[in-house]
Amino acid sequence: MLQINNVSKTFGGLKAVNDVSMEMRPQEIIGLIGPNGAGKTTLTNLICGFHSVDQGHIILNDQDITNKGADFTSKQGLTRTFQVEKSFKDLTALDNIIIGVLMHEQNVNVAKEKAEAIANKFDLYKQKTVLARNLTIQSRKLLEFARAYATNPKVIILDEVMAGLTSKEIDEQLELIQEIASEGTAFLVIEHIMHVIMSISQRIIVLQEGKKIAEGTPQDISSDPVVIEAYLGKGDEA
Amino acid sequence: MGTFFQTITNGILIGGVYAVVATGLTLIFGVLNVANFAQGEFMMLGMYVTLFLSRGLGVDPYLLTFLVAVIFIAFGYLVEKFLIHQTLSKPHETQMLLTLGLAIFFRSLMMVICGPNYQSLAVPYRLKSLLIGGVLLSYPRLLSFLVAVVLIILLWLFLNYTELGRAIRASSQNSKAATLMGINSNWMYGIAFSIGIMLAAVGGLTLVPFYYVFPDVGVYFGLIAFVVVVLGGLGDVLGAIVSALLIGIIESVTAQYVALDLSHLGVFLVFILVLVFRPQGLLRGRRSS
Amino acid sequence: MSLFEVCNLSAGYGDLTIVWDASFSIDDNEIVVLLGSNGAGKTTLIETIVGLNKVKSGKMIFNGVELQGKDAAAIAEAGITLVPQGRELFAGMSVLENLYLGSYLKGPRSKRADSLEFVFSLFPKLQERSQQKAGSLSGGEQQMLAIGRAIMSDPKLLVLDEPSLGLAPLIVDTVFQSILQVRQEKKISILLVEQNLKKALSVADRGYVVESGRIVLEGNPKELLANEHVKKAYLGA
Amino acid sequence: MTFSKNKPLIPLLLLALAIVMPLIFKHPYLMRVVIMIFYFGVTAYGWDVIGGYAGQVSVGQGMFFAVGAYSVALGYLVSNLTPVVGALIGVIIAMLLALGIGSVVLRLRGPYFTLSTIAACEVVRILLLHFKEATGGPEGLVIPYNGYNLYALHFANDLPYYYIALGLLLVAMYTCYRVSRSKLGYQLAAIRNDEDAAKSVGINLMKSKVKAFMISAAITSLAGAFYVTYDHYIDPFSTCSNEMSVKILLIAVLGGRRSLWGPLIGSLLIIPLMELTNAYLASVRPGAAMLIYAMVLVAVVLYAPDGIASVFKSAGKEQKGDDKLAAN
Amino acid sequence: MSRRTTGLLLALLMIAVLTLSTTSIGAVKNVDVGLLATISGDLSEVGNMGANAVKLAVENINKNGGIKALGGAKINLIVGDTTSDFSQSVLVAQRLVNNNKLSGMLGAGVSGMALAVAPVLEKAKIPFLTAAIADNLTTLGYKYMFQFCPKGSQFGGMQADFLKYLQQKFNLPVDKVAIVYENTAYGQSTAKGIRDLCEKHGFNIVTEEAYPKNFTDAAPLVTKVRAAGATVIFPVSYTTDAALILSTMTAMNYKPVVIGGGAGFIWPEFYRSLGKYAEGVYSVGSWSWDTKFNLSDPEVVEAIKSWEKKYKTFMPEIAGEMYCATYILKEAIELAKSTDATDIRNALTKVKLTKGAGAMMQPGIVEFDEYGWNKHVHPTIIQWQNGVVKTVYPVEDTDNEIVWALK
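Protein chains in written order, with the numbering used here: chain L, 1 to 238; chain S, 1 to 289; chain B, 1 to 237; chain V, 1 to 328; chain W, 1 to 407.
These are computed hints drawn from the structure, not numbers from a lab.
Hints are not guaranteed to be accurate.
[Claimed, not checked] Where chain V lies over chain S, by a calculated footprint (3+ residues, C-beta under 8 Å):
#, stretch
1, 82-94
2, 118-124
3, 218-227
Since the structure is predicted, the reported quantities are computational estimates derived from the model, not experimental observations.
Where is the CB? At the ideal position from N, CA and C, for every residue including glycine.
Looking at chain L on its own, in the form it has when it is part of the complex (with noise of 0.2 Å):
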């Protein structure tokens, strides 16, 4: 459904992403983890349109849709959170949801019908005249990924959504991603919390240094050496 293929970005002489090919199933969950600076996020801006690519394309639904730019590529159902969270802090809850309901919808009042319903499913519905800025940021968080749902997509990518949860509460939002999956959509999970993503994951990327180093499932992923390298290091007595 999504494939991204041979995507390259340098920023002023650094590639910040290098030649990263993957690709994603309705449904599917795929964890993307790496260390901090390995080009995580800037792999998010470039498939979500916010960076134009410098090589390579990216491909939703047969569609290129490489360089088409951030609204289009929402309209067309790839939707996104954001690592630094983005909630629209003077609205309420509630209009923050219908904004992302309304991408579909003409109708106002059908869109605010809509939006509550969605309240409810993320456990919001409490705070949904509460204005966003007033909302603790893990209410922020989960409220973005309300407002990412609520644009109906095909694909959403979750940029850290989990940090700062009890694991009560990580719990209860698994669930809530997986439900949404087993609905059609499908997620690739930012996250390093690393028994979240592994338990969550049907596979894992991981990066270094804008380059994808390992692809496989959550179990492949553990035992790899390579990737047990780039996230302790290497150190010169141990």
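Dock chains S, B, V and W against the given chain L, drawing on the hints supplied.
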């Protein structure tokens, strides 16, 4: 051909004044991130102060440069501390509205104090001129240009070769890192603003021997200063100087070869085009980090 | 008493608390490393130490002086200097000017010539490029400059935030080598924040592990490397 | 902003009062002041669409005002068109102008956009001045008043103008309200809050901003069209100028952005304030009136930067928790 | 500011407006006369000169016994600052009309302002005497509009006539003419007159330039005119620009015959800023103080003297005009024997003044035609001589000699 050189010279001479006023504006923008819509009015105040001092003391205005500079450094510092500083943490519209309000305030204040009449200063060399290679250089304009050039060189030396100057540039480039170096940002805001205001005032001073002083005199200069600063890249001192001269020349060439009343049109069109196609300024993106 | 003591420090942005009740200490001439995954709160913690964030509660005592509540400029003056993540150089200014700015304060300014000599001996590359714009340097050179600039301020405690980030392995070695050299020659203490676990522990005297904004573990490098919890925190294995 | 659903009584009462008042108090000067409050209110609502809802601070609204006014004046003088038709033409031209300028300068953010609107307004004025044959140049255009003429909307007293202005004000308010409640309104709110996030929900930034700019231009041009019909005279300096653009901005901002009543409150405050200072101080000392006006402005900016309307806003159901975070 | 304070503030404001609008000042004995002048804003120079003159005239009238036909009633002057923003000026006019029972309205000489306020006065049926020069003021069908000064198009004609006169008298080889004017209503209409007459007289117009008001640099303008080879230049400007142009010409060593277009070229500030370089410059003007008939009329001499005493300069053009306007209105009130505005309007259509300050306009006669224009009036040409403007043309108005100073 003589006309052409004369045209270019006219442009460069007035460009010197634009450069001084605009450098002040860009300095303020660079360090405080405030678009000062009252820059032209500070220039106007500088002109009035120069006029009164020169009349009162019977001294040539150019000899008053230092005194006027000191007065406005102090004035600028107070304005920053008591007004601008209160809005620095607010969205930029707030600062814009504040400086707009200050602009109207200063204009009407001078109207109340001095009346609306145009005033001018009779200096002995007002109407003298030099003829060099078929190009006429009006004496006071030449002097004004020279003062502007000297001022800019001094500013450049100050910014590049003194601890304080370096600290100002550092704050303008990366205020977080500057704080880490122990540079007190509140102090920098005050200093940068007062120097910016001083430059506007001295820019006004250089105009006094050949131009008129009236409450609204700063309006066009303030606007031009913005054009210059945007062309040069916000916060970029060197860029401001180059584009000030460029604006002077564009103005003068449009006036000469297209139509006089369209001379500002050329400037504004270039301005919009640059904003859209090279928003980092006409010169190369020197501030990219 | 330690050179620097942090007691029950809490910090964050706005109404959000990110660091909870952190306590740790650094002795004279010691290298201490803070470990932890992305988002654990390490950067918030050290930005609080150098005064870029407000302290919500707790104390920071440096050389017997309480520093909580002081601003960044005052803390720099007290002798704590940060090499920030992402280097934060003055990109449009020359290498030499960046170094000069390191010794902006009166105290370090009087020792500028000596400090400069030391920095150049540490990183000869910087001397070669002293007239070049900082923004035009390579990543490794920029990191050297950031460290050099911090050394210019003649700190008693040098704080480095992820100095190996985005650097090639060979350059990472150089950087860590220089950290050891600085400690040895300047007799100062170093607080290091690192993701590169093995690398960091290879130079450190002691380490703390930060998780979800709390310090959960303390120990010497050997203990930490052997600790199952550390391994789990990093790989989820 | 909300029409409070539970108490629509107050707005209705106010409207009834506005309709009945001039029939009881026949006072031409007061009526003129109120008419001026109305049509400057219209410009402020126009500004609020682009400057408030879309968050793009325009200081070039004077050009749209001028377009509306010139369309009516030229339409009448050249082709003998009734101002009603002239105003519609003006709306179309203003929207086209906004489309042209907007699709170029709305890419810019913050002060860059603001500066480019100033420049655009200057350019339009310079052109109005330059093409004298068409526009009358600096002399401007006069629509002579020669007694009652319904076709030309010339009335011997101001009562009809009062109702026309009131009507325009209601149209502007309603348009603003509709925009804020529409899909476009939500899109603008998204853009204002975060452009990247707006893109992530499929909003085409330029399209939405340009739409807002066009609506803003249309409303503003209506005020201009009314102005020339009412005052019979138009010239470039007093309409297509920085002063006019700043005045429109101030009314909207001081009144309060993104609020149903804000622009009207701003107009209710500024226009009488300017009148009062002018009446009592003008002959005392030139400039004294503007001095007071400037001081009020500075004071409001420093002490009530969100405008007067925000002061009236109740602590509100959604204002839970403290606002410290928003200051960051 | 608390909510209550702000609410209170708003309420107070509205109450103030209400009060302001319903109080009317003035006792029964007085005749209320309004004055509209651009006292603030960028046209304030002309507005203030005019306002000062009207105040002086009212002072003199009241001192000399007021309106005799009404038993010595005093004139009560109500000044309105129209500002230089014409949308504001309409409101100011309306306020003056409303809050007072005006017998007449005087207007200082800014065409845009006069055009803007005219409908208000027409609807209120109050006679309006304006010193504005726009040609169309009296052709728009307004019944209450009285324009007692020359029209803009006459200025150019007078200038061109004068050039012809100079050419013949001094045998000048002047054939290449440049017209430069500020891009305002005043500049535009004056320039049009010059152009028409130059064409009629067969002068060769080598360049015609409009420049933006208050421009920063006259050098491009002068360079352009010089490059065109003009030997005569007709500049039309307010003070700043007038002196800027002339000083730039002097500095650039370019010395054509200068015949200014009034306004800036004849106001005292022009000499103050240029000093001796202003000497010998000609200009057209709506009015000048030293015409033959003025100097022989004691009432006018008194006016001139009292101005000189108060303001330390000769009486400038706009001041003289507004002084005259005040007296024209006074004579009309005497004739009407009433304070009723419509009666006074009807009296104005019948006045024929030949002496006194009401007849200060050249050629010493004031009489309005069916359109409300002072049908005898014509402009004058002055020359700067020893720091003072002296009338030098038309010859029937003056005995002064031209000081030939073509440097």
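Hint by hint, here is what the structure shows:
Counting residues of the stretch 82-94 of chain S whose CB lies closer than 8 Å to any CB of chain V gives 8, so the stated coverage by that chain holds, three being the minimum. Figure legend: the stretch 118-124 of chain S, annotated as covered by chain V; annotation inconsistent (0 residues with Cβ-Cβ distances under 8 Å, at least 3 required). Three residues within the 8 Å Cβ limit are the bar, and the stretch 218-227 of chain S against chain V gives 4, so the coverage statement holds.
Of the numbered hints stated above, the single one contradicted by the structure is hint 2.
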